[in-house]
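Whole structure, please, built from the sequences with the hints as guidance.
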Amino acid sequence: MIRRRPTSAFRLALLLAGLFTLFSLLTAAVLWIGTAHEARVEQRRAIGADARDLALLSYQHGMDALSTEIEERVILNAGLSRWYALYAANGIKLAGNLEHAPKHTGWDRMTFTPRATLRAPVPSSHLLALYTVRTAQHGWLVVGRDAFYLHRMRDVAGRIFVVALLFIVAASLLVGALVGRRLSRRVTAMSIAAEAISAGQLERRMPRRHNGDELDLIAATINGMLDRIAALLADVRRVGADIAHDLRTPLTRVRQRLERLQRHPPEDAATLQQTLEQALAEIDELLHVFQALLHLARVESGEMQRDFTEVPLRPLLQELFDTYAAVAEGEDHRLLCEATADAIVRGDRALLMQALVNLVENAIRHTPPGTTIRIGLARDADGVRLCVRDDGPGIPDAYHEQVLEPFLRLESSRHTQGNGLGLALVRSVAELHGAELRLEQARPGLSVSLRFAFAPAR
1 MIRRRPTSAF
11 RLALLLAGLF
21 TLFSLLTAAV
31 LWIGTAHEAR
41 VEQRRAIGAD
51 ARDLALLSYQ
61 HGMDALSTEI
71 EERVILNAGL
81 SRWYALYAAN
91 GIKLAGNLEH
101 APKHTGWDRM
111 TFTPRATLRA
121 PVPSSHLLAL
131 YTVRTAQHGW
141 LVVGRDAFYL
151 HRMRDVAGRI
161 FVVALLFIVA
171 ASLLVGALVG
181 RRLSRRVTAM
191 SIAAEAISAG
201 QLERRMPRRH
211 NGDELDLIAA
221 TINGMLDRIA
231 ALLADVRRVG
241 ADIAHDLRTP
251 LTRVRQRLER
261 LQRHPPEDAA
271 TLQQTLEQAL
281 AEIDELLHVF
291 QALLHLARVE
301 SGEMQRDFTE
311 VPLRPLLQEL
321 FDTYAAVAEG
331 EDHRLLCEAT
341 ADAIVRGDRA
351 LLMQALVNLV
361 ENAIRHTPPG
371 TTIRIGLARD
381 ADGVRLCVRD
391 DGPGIPDAYH
401 EQVLEPFLRL
411 ESSRHTQGNG
421 LGLALVRSVA
431 ELHGAELRLE
441 QARPGLSVSL
451 RFAFAPAR
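The opening position of the sequence shown corresponds to residue 1 in the numbering used here, with each subsequent residue numbered one higher.
Note that these hints are calculated values from the structure, not bench results. We treat Cβ as the ideally placed atom computed from N, Cα and C, and that holds for glycine.
The calculated label-pair distances, taken between Cβ atoms and stated as ranges, are:
no., residue 1, residue 2, range
1, Thr111, Leu25, 26 to 36 Å
2, His400, Leu202, 25 to 35 Å
3, His400, Gly200, 29 to 39 Å
4, Asp64, Met153, 32 to 42 Å
5, Thr111, Ile33, 21 to 31 Å
6, Asp108, Glu71, 18 to 28 Å
7, Asn223, Leu258, 50 to 60 Å
8, Arg185, Ala350, 47 to 57 Å
9, Asn211, Pro444, 46 to 56 Å
10, Pro368, Thr275, 32 to 42 Å
11, Arg237, Leu22, 56 to 66 Å
12, Ile160, Ala46, 18 to 28 Å
13, Arg237, His400, 15 to 25 Å
14, Pro396, Leu233, 21 to 31 Å
Below, computed lysine to aspartate or glutamate pairings styled on EDC-like, alpha-carbon distance capped at 16 Å:
no., residue 1, residue 2
15, Lys93, Glu71
16, Lys93, Glu69
17, Lys93, Asp64
Shown next, in the form of structure tokens:
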């Protein structure tokens, strides 16, 4: 049998109740101690003032006047809450309702019973706070107050506190249960949504209340992750369809050549050799596509960052120019190098070169004869910018994002050589190096740049 553990809502309710109870206990203890202390201080202040006034009376009007005053106070003290004792210098009691022979001046206390110390009965044993002073003629005056009412006040305060504590515990449990129930409902809703998503409902999203609390932030983060996953799955499906479309044509051509070879074997070896070479060329084209896909996947994985080194950009650009100047001229294009600055970035030199090569080859392949292609390196306030710019027909703004997707080729480029992976690789290389890839209108032509922020000067 599986033992059910307490829910988070129940634990939250207990936690709130415990915290409120602890806070209430601490508050009550402070109030109780403070109130009791103030009551004792006030009682002592009253006793001391009363004793000093009576002692002053003895010095001003004599011991007989003091005795008379004490007897009158005893008569008026019907509740037996005030106690007095006046003793002569020889220890004989002269007046008062308290049997307590003083031994020293100052504060003292005593517990008494009705038979032992009182002229009149009292309900139970009491505790007296006593203060002794000297009077005229070397007498002794003891003034006391019954602390029974202080204890009774503390008892009443204790009962009130217990009742209040029970109310606080009940209220905190109720509040904790309500808060926990609300939290439990939201967690349950998120759990149901998560189960639906794991079951294949990828369009489902975590419920949100848009109130900015912690659960709402978690739901927003998960929804963003799900949106990203959905976009990646859509890209995978699209790339799969594009791969199938792009590979179908060369595979169909290979099959047709082989079928013709099977049905009508050539009589001469030269024709056979030519047919086999064409088939091998088609297969090499397929292998090139797969090799480009593997290379793109490796770049996007980020594992090549471990091999990053310091790469001077100006020599890189010069090497690119030296390699492709003759190639561009052979296609009736002109390649210019405009490196006005130098800089060093941290990255992979081969990948950076491959990205620039893809841009230059795209410019040569997709622009008409007579086009001028410029490769440049410049510094500005934002960092370093590598740029490949041509004065050809360019690409409409609406297609700038689309052409960066794998296998996506514009209609005007369908009949030219290529597999649609060149700009996708450039984008992946830029992301791997933390560079910003921009496609902008050159008017005329297209400008493609990689912007590296805060690149240090060489």
